[in-house]
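Enquirer: In case you want the letters, here they are:
There are 2 protein chains.
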Amino acid sequence: MARPRVALLSAEKISQAALDQVDAVGDFSIPDIARELGVSPSSIYHHLEGRAGILNGIRSLIGRDVVREVTGHGDGMPRGKAVPWQDDVRSWATKYAGAMSRHPQAVALIVSEQAADAPTLEIYEALAGSLRRAGLAHDQVLIAISMLEILVFGAAIDAASPVSPWKVDPDKHANLSAAIDSLPPAERQARAFKQSLEAIIQQLEYERVRGANRPTTA
Amino acid sequence: MARPRVALLSAEKISQAALDQVDAVGDFSIPDIARELGVSPSSIYHHLEGRAGILNGIRSLIGRDVVREVTGHGDGMPRGKAVPWQDDVRSWATKYAGAMSRHPQAVALIVSEQAADAPTLEIYEALAGSLRRAGLAHDQVLIAISMLEILVFGAAIDAASPVSPWKVDPDKHANLSAAIDSLPPAERQARAFKQSLEAIIQQLEYERVRGANRPTTA
Numbered sequence: 001m002a003r004p005r006v007a008l009l010s011a012e013k014i015s016q017a018a019l020d021q022v023d024a025v026g027d028f029s030i031p032d033i034a035r036e037l038g039v040s041p042s043s044i045y046h047h048l049e050g051r052a053g054i055l056n057g058i059r060s061l062i063g064r065d066v067v068r069e070v071t072g073h074g075d076g077m078p079r080g081k082a083v084p085w086q087d088d089v090r091s092w093a094t095k096y097a098g099a100m101s102r103h104p105q106a107v108a109l110i111v112s113e114q115a116a117d118a119p120t121l122e123i124y125e126a127l128a129g130s131l132r133r134a135g136l137a138h139d140q141v142l143i144a145i146s147m148l149e150i151l152v153f154g155a156a157i158d159a160a161s162p163v164s165p166w167k168v169d170p171d172k173h174a175n176l177s178a179a180i181d182s183l184p185p186a187e188r189q190a191r192a193f194k195q196s197l198e199a200i201i202q203q204l205e206y207e208r209v210r211g212a213n214r215p216t217t218a
Numbered sequence: 001m002a003r004p005r006v007a008l009l010s011a012e013k014i015s016q017a018a019l020d021q022v023d024a025v026g027d028f029s030i031p032d033i034a035r036e037l038g039v040s041p042s043s044i045y046h047h048l049e050g051r052a053g054i055l056n057g058i059r060s061l062i063g064r065d066v067v068r069e070v071t072g073h074g075d076g077m078p079r080g081k082a083v084p085w086q087d088d089v090r091s092w093a094t095k096y097a098g099a100m101s102r103h104p105q106a107v108a109l110i111v112s113e114q115a116a117d118a119p120t121l122e123i124y125e126a127l128a129g130s131l132r133r134a135g136l137a138h139d140q141v142l143i144a145i146s147m148l149e150i151l152v153f154g155a156a157i158d159a160a161s162p163v164s165p166w167k168v169d170p171d172k173h174a175n176l177s178a179a180i181d182s183l184p185p186a187e188r189q190a191r192a193f194k195q196s197l198e199a200i201i202q203q204l205e206y207e208r209v210r211g212a213n214r215p216t217t218a
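Protein sequence lines correspond, in order, to chains A and B.
Counting from 1, one number per residue, gives the positions in the first sequence under our numbering.
Counting from 1, one number per residue, gives the positions in the second sequence under our numbering.
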């Protein structure tokens with residue numbers, strides 16, 4: 001009975017077991033994964049390089065579904081000039097935030113490790129290419145990616161908050177209470193994400209135009 | 001010997017032990033806290049209402065240091081009209097992100113629980129008051145708070161990322177590589193945070209002016 005189980009072991013299976021543990025209890029351990037999959041801890045190291053390798057495996061599981069949506073055809077190539085860069089940015093942030101928000105406990109863990117997996121790098125390269133073609137300078141491309149990443153991470157965390165995130169006392173917290181009462185709870189997150197995304201796009205457009213009017217530097 | 005230890009137990013001590021555990025391993029457990037403090041698990045329930053209570057205790061530890069800085073004198077009252085609302089927003093987001101980024105693993109945990117602790121609610125009420133006095137409509141106050149919260153959560157998570165967050169191959173990831181090489185690694189996070197914050201402030205100013213030119217509704 002042991003042989004077939006070992007034969008079925010793969011980097012993907014290990015990563016999925018780790019992600020399931022993170023979703024359940026906030027972290028994973030190699031002994032726990034080994035127990036769950038009925039294999040020895042050393043056989044896990046055969047497929048993935050320890051903790052860092054597993055974290056990248058988790059990233060690649062989350063990123064895989066985003067790749068096809070973000071890049072259009074799943075090979076990381078741009079979709080051509082027909083789509084305005086703002087739509088690329090909207091699509092990237094929305095799809096990526098959607099995928100990340102299904103695993104809010106995983107966000108801090110995977111971000112702590114350098115991203116080395118193919119799907120994640122492909123998603124980021126697609127975004128960098130789109131921003132570059134839009135005319136952003138290299139440093140502004142990096143800042144733009146980081147701004148969008150902060151938004152995605154933050155929104156994924158926010159998505160796990162309760163529908164009513166604050167237990168207010170109208171006497172002590174008059175302004176906060178009035179703000180909370182002004183909007184159906186379900187609308188808060190979606191509107192905040194969308195408005196943040198549009199704020200970033202506005203800012204990038206400003207930098208793009210400013211860069212275009214500036215004498216070219218190295 | 002047991003008596004003095006029990007006498008020294010407090011909500012703050014319990015919360016600090018829980019936060020130390022979260023920083024170390026990503027989560028806490030009541031049995032582990034009890035063991036660490038040399039008390040019985042039931043004595044912990046005496047001070048804090050289980051897991052939700054401890055999560056709010058952690059929030060209040062993180063929030064406490066922010067309160068004085070954000071509200072000016074630590075009682076949650078506004079600092080008066082002398083300071084432009086944009087400065088209040090900058091100060092709030094910067095101080096709060098600073099405090100949260102010292103505990104990136106705690107972010108997802110505490111956000112998953114309704115905030116009921118005094119320091120956090122005080123910080124949020126101070127922000128809501130400032131935005132309201134600036135002339136934002138109630139619903140825009142709520143959206144603004146949520147946008148800034150997403151930024152703070154995201155930046156706290158991003159702060160825990162490695163100095164070089166992506167392992168790029170210049171042949172495969174030409175645009176991303178060029179972007180990364182264009183900026184000293186240490187500047188990326190600070191500039192992305194600052195530019196996001198200014199983008200949000202711009203957007204709020206737009207909403208503020210738009211709201212002021214709109215006929216008043218209930």
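Simulated from the structure, these hints should not be mistaken for lab results.
Note that this is a predicted model, so its numbers are computed, not measured.
Treat the hints loosely; a few may be bogus.
No copy is singled out in the list; a pair is fine if it fits within one copy or between any two copies.
Simulated crosslink set (EDC-like; lysine to aspartate or glutamate; CA at most 20 Å straight-line) [as the list claims (entries may be wrong)]:
1) K167 with E49
2) K13 with E205
3) K95 with D32
4) K167 with E113
5) K172 with E12
6) K194 with D139
7) K167 with D139
8) K194 with E205
9) K167 with E207
Enquirer: Which constraints among the numbered hints does this structure fail? Numbers only, ascending.
Expert: 2, 3, 5, 9
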